[in-house]
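Protein chains in written order, with the working numbering: chain A, 50 to 524; chain B, 876 to 1151; chain C, 8 to 363; chain D, 91 to 416.
No wet-lab data here; the hints were simulated from the structure.
Using C-beta positions, here's what the derived DEER-type ranges look like:
no.	chain 1	residue 1	chain 2	residue 2	range
1	A	Asn324	B	Leu908	36 to 46 Å
2	D	Ile179	B	Pro975	32 to 42 Å
3	A	Glu126	B	Phe1136	47 to 57 Å
4	A	Lys129	D	Gly139	54 to 64 Å
5	A	Arg509	D	Ile179	18 to 28 Å
6	D	Ser323	A	Asn324	53 to 63 Å
7	B	Val883	A	Asn324	51 to 61 Å
8	D	Arg225	B	Ala880	15 to 25 Å
9	D	Ala320	C	Thr225	50 to 60 Å
10	D	Leu202	A	Tyr358	33 to 43 Å
11	A	Arg509	D	Trp199	17 to 27 Å
12	B	Phe1136	A	Lys372	40 to 50 Å
All values derive from a computational prediction rather than experimental measurement.
We put the beta carbon where it would ideally sit given N, CA and C, even for glycine.
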Amino acid sequence: MQQRIERYGRAAATIAVLVTVAATTAGCLGKKTSSDTTKNADAKEFTLSIGVNSIAGGKNASQAEWLSNWVIPKFVEAQKAKGRTAHVTLQPSGASDEDYKSKIALDLKTGSGADIYALDGIWVGEFADAGYIKPIEDLVGKDKADDWEGWAQIPPAVQTNMAYNGKRYGVPLGTDGRVIYFNRKLFAQAGLPADWQPRSWSDVLSAAYRIKAGVPGVIPMQLNAGTAMGEATTMQGILPLLVGAGHQIWADGKWQGNTQALRDALGMYQEIYRNGLGDPVIQQDAKGRDKSFQAFAEGRIAMLLEGDYFWRAVIEPTKGIAKMPDRDQTVGYALIPAKTPGAGIRGQDFVSMSGGSGHVLNPASKYPQQAWELLQFLNSKDATIASVAGSPRLTQRQDVNDEVLKNNPMLLFVSQKVLPLTAYRPGFAVYPRVSQALQQATLDVATGTPAVDAAATYQRTVEPIVGGVGKVASG
Amino acid sequence: MRSTARAVALRVLAYVGLGVGTALFALPLLWLLSTPFDAAPRYAVRPPSEFTLGNFGEIGRNPYAVSSLVNSVVLALGTMVVVVVAAALAAYALSRVRLPGRDALLYALLLLSSVITGTAAMVPIFLLIFQLNLIDTRAGVILVLSGGLLPAAIFLLKDFIDTIPRSYEESARVFGASPLQILRHIVAPVARPGLATIAVWTMVQVWGSFLTPFILLRDPTKQPAAVVVRTLYTEGGSPNLALISSFSLLYSVPVVLMYLFAWGRYGFRFHGGIKS
Amino acid sequence: MADVELRALTKEFPGGVRALDTLDLTVADGEFFALLGPSGCGKTTLLRTIAGLEAPTSGQVRIGDRDVTGLVPGARDVAMVFQDYALFPHMTVLDNIAYPLKIKRQSRPERSGRARGVGANLGLAALMDRRPAALSGGQQQRVALARAVACHPSVFLFDEPLSNLDARLRLEARTFLKRLQRELAVTTIFVTHDQAEALALADRIAVMEAGRIRQVGTPREVFGRPANTFVANFIGSTPMNLLPGVVSGGGVAVAGGTLTPSTITPPTAPGERVIVGVRPEYVSLSTTPVDGALTGEVSIIEHLGAVSLVTVEADGALIGATVPEDREPVPGSRVWLSPAPGRVLIYRESDGELVT
Amino acid sequence: MGWARLPAAEPALDAVATGATAAPAATMPAGRAGPATDVVGLGRWRALGFVTPGLVLIGVFLVFPALWTLYIGVTDYRLTGTAARAPQIVGLENYRRALTDPTFYRSMWLTLVFVLGSAVLGQNLLGFFFAYALRPARPAVRRLVEALVLLAWILPSSVVAFLWIAMLDRDGGTVNVLLGQVPGVAWLIEYPMVAIVVFNIWRGTAFSMMLYSAALSGVPPSQLETARLAGASTGQTLRDVILPNIRRYALTNTLLITLWTFNDFTPFLLTAGGPNHRSEVVAAYIYNTAIVGGEMGYSGAISLLVLLVNLLLALVYLRVARVRPA
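Could you build the full structure based on these sequences and the hints that come with them?
Encoded structure:
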């Protein structure tokens, strides 16, 4: 026994030494990189890479293909014309957003990785706070950063999506808007009009009740809830309701806590999921969002709140992931109403939420000037037009939108009717955690917790996240 | 008489249990066998409604699918070599020479390796590999995976070597064989079933490993099949069953073959040397 | 060919256990020498120390003219046969036999020729391509011997070479082993716990106890005149009668009677407490009174084949005597026992050493 | 693993349980350099040389990151945000948080249920049943069943996870089709723990089966004969003859599968810890805090707590192994 104790003692001593070593080495967890804006500005030959969460033959394949088949060769060609040799590679990946985020966070942390990264707009704040990304002007100089014709084409509201604390960190790739999609055939069976446009939440609910009564076997309403759907719950669920109740999630230095607006929004969830107007089970499925798409395409869901992505990539008749050959005839779309007319943010009758991703520069790039040039090229009018070839979307550029959306009534609708009403999420580093708390609250309600209790729990969760009671609005 | 009746009843019960158990084990596997060849793949297990090899054609069109399988083989073999060689040497020495703190060390490492998963240690591992300049190299992935698998490999292999009679080595020693000769001529061949077990076990572990290669490799042409298969599963929309099932099958076949090879060759029911 | 000499050999294991205690021993060239003793007596440690598998704590091992104490086993020119034979399971019989030659860097044809030759001599010609697992115990033993023979050592070391064989095979193997040793005339040291085996095979025997040698001698000496009660107890297929007694007058008072000087060599000091040893084989039994004999009642009769062992209770002591099978007394009857002249041994009670 | 020579697993447990070592002390000289330090004349230095490559690899690529992780566990380090730039030492704050967080306790509880249900009971009993029931079976039957059970074990985890997603799918899954209800029960949502327990039994029984079949082949036939002659029933034979003989194998097996199951990440691929954390076992909890939540400091602290629980379990087993039945 004595011997064994000695043995463990020795092991403990060894571990202590190793811990010290690890601790010393680990001191450099937070690392800073200094950037020199003129670094390698005159290089005749340079190498650049673009990291994206898209991959040929997999996730977002069309974006990966656009980058490798259009952007990169054309850029190399253009550089050649200027007498410079560019080697540009694509670093695609096809992982879940969380895995991708972790991976690029580690790359950026160590000052390595691709020169340009695709980044979701809501990550900008936390990446900036971590020092992983820097304002474009810090990397290439203010003159160079501002001197791009593209900025004039990107509406300021869209630009903020890739900005933080008033500085541009990247160039957005586009934006979107949210509407309520509905199945006209099911609506007809329930005696609802084909050009349905609700004016208030109660209009939405009464339509749902009529579907429930008139079209058995159909789920009246898909309002994303729960943590399994992640950010989709926040963007296509609780936030549109919250702005419809008159409040942004963050305003005037405070986050929404257990407020009337939040209780109203959760109350809407309660009404839907308590009364069989929605299917609580699908919300909890790890693949629930995809299943809801499938169900809508098969005519098993009557109403569904989604972004324009749903229209152009999900139920798209030929290439969508849940094709609806008769989409244009069957599917209608309506603006999301405020709780009551005029109750929305800014006194609006209708509301929406927008988001989007973009590209940022890696501060550790060996060729910051050239990377910025590539980023501009990637967002040039020609490149943007090429990116939407065959599948129109709301691009970041007004000039492109004017051209490509002409023949697309749905996207035109979003561009003209929805975007003026829309709101963006706050670009704060803590936002993703607040969002998770919101998702949890909707899940609680969808699985039976009363809205008021869920709201109270939410308040308790959010306080420590955002830095105390003083940062949370309640009452 | 009663006991006979009861014995018969028990026997029947055992057979029924075996039958049901076997069916339960077979059911999910049947999906993997039939769906890739089904022209209209579904979730439910059923014989192909219409036999097709077309689903595999779709994989051919994925630019990374085939190379990922090759990468998996490279990573699996590389890790296997490192683990088997290092574990064999260590396990042998630990089995035959008493080193201070041996058992406590083995248990501590075993615990550490089973608890500290890639998830929690992701940041340190990435930074370490970065400092070693091994990001985006297969060597980096192989080393990290080896480090994680070695404790269990040493543990199991040491157990195996413990059962090899020492007289083999003593006998060779009296004849004048050097330690390395003993290792080469006697221990390695006698321990071969154990080594084969560890080799196959290592390869199976590497084959399924996702996070480490995903984080440490940048170039998609170096990513192994575990990463590609995850891509297929996490892709938006309803799962493409044709692609998933056929790639899953291709992805599974090599491990099954490795296993069968080792089983057939080394008879995984080996019970040590000659019984004395 | 060489003799083996051990000088003040001591082996102490961690924890203070002395497996060998300042041991001196010389085994002559060409001798067939047995190390005999109960388990734990240090005989295997001694063998392994000679082989070089154990390092002595102090002392010297010499083989021939060389001091091999510091040499690795391979440099000692010995061959060892292990209790479990240690045949390499992945090699054929041929490869097993040829293995020592492979280590000695002989060419492939040379060593397989030699191995085949040795194998054939030992009756293994038909088995050369088999694996050890496909052999019987006796065959395995022969392969192990062949492997030892093939490397032409100056000393053979056998560790319990017969203990893994069944009784019938053991006798055969014993004869075989003895003949082989005679033919090869190589110094051979073997370890056994079986006294019959040692008596049958060895030219000389060392009986060991607790790391010391209690007696060295020919089988005849060890059997006939055990140097102490330990050896007396250990040797012989029927245990020697060891009876406490007191020297009195011209004889020894034992088991209710007195053994008179006419039948024993007189002890030195009168009044001394001694132990009287006499083998059952040397006790004659009579159903009629005999003068000066010890008397008692027959309690048990054990049949040993041609003879029977009769246990007689005489004044609280149990005395064994062998009788031909057709001369068994009736259990419970009174009998008279008289030791054969010159066969009674007197040991000091204090240290168990032979007095005369 | 170890579907060879499984009885080998026993001596190791034995060695630690009794404090003895497999190498008998008798082969060791008292620290004196001589020709024979051990059975092969490896010598301590050469032995160290043999051990070094493995230990260096483990040290650099496992122990070092692990200790680093433990260090991170006392900081507020996050993957992104301000805390990523300048992590602060927060002492035991992460531990305080974990130990007061009901979600942590819930995940520990779920893990214990998972381990107990799927490994300690499920795999153990089913593995033993297969090993026992297959003994008298024809070799062909035996091989077939073993092959199927093994297949479930060696297939990559993402594949088997998808196989079970397909099995349990609410709309077209095999189970619901067999039950004749489409759409049927959303098994993974309504019974997430049952689902992952059943899944893990399916997944891991092979190891126990192998180990027990090796153990059963080591039960002396004479004892079985004796029991049969004494007229013992199957149950009595199991209790009085077989169990005492395979007891130590059972303990080794239970220890290993407990540790593996405790830290198994595969259930995450089925349920992602959901719905609403209802199947969030520890491995999923760590993934969700580290990768999804980016809370590296907190997850580092959780890892140490998990390590301690594992250590505790291992010690309990070793203690049980040391106590011989009366």
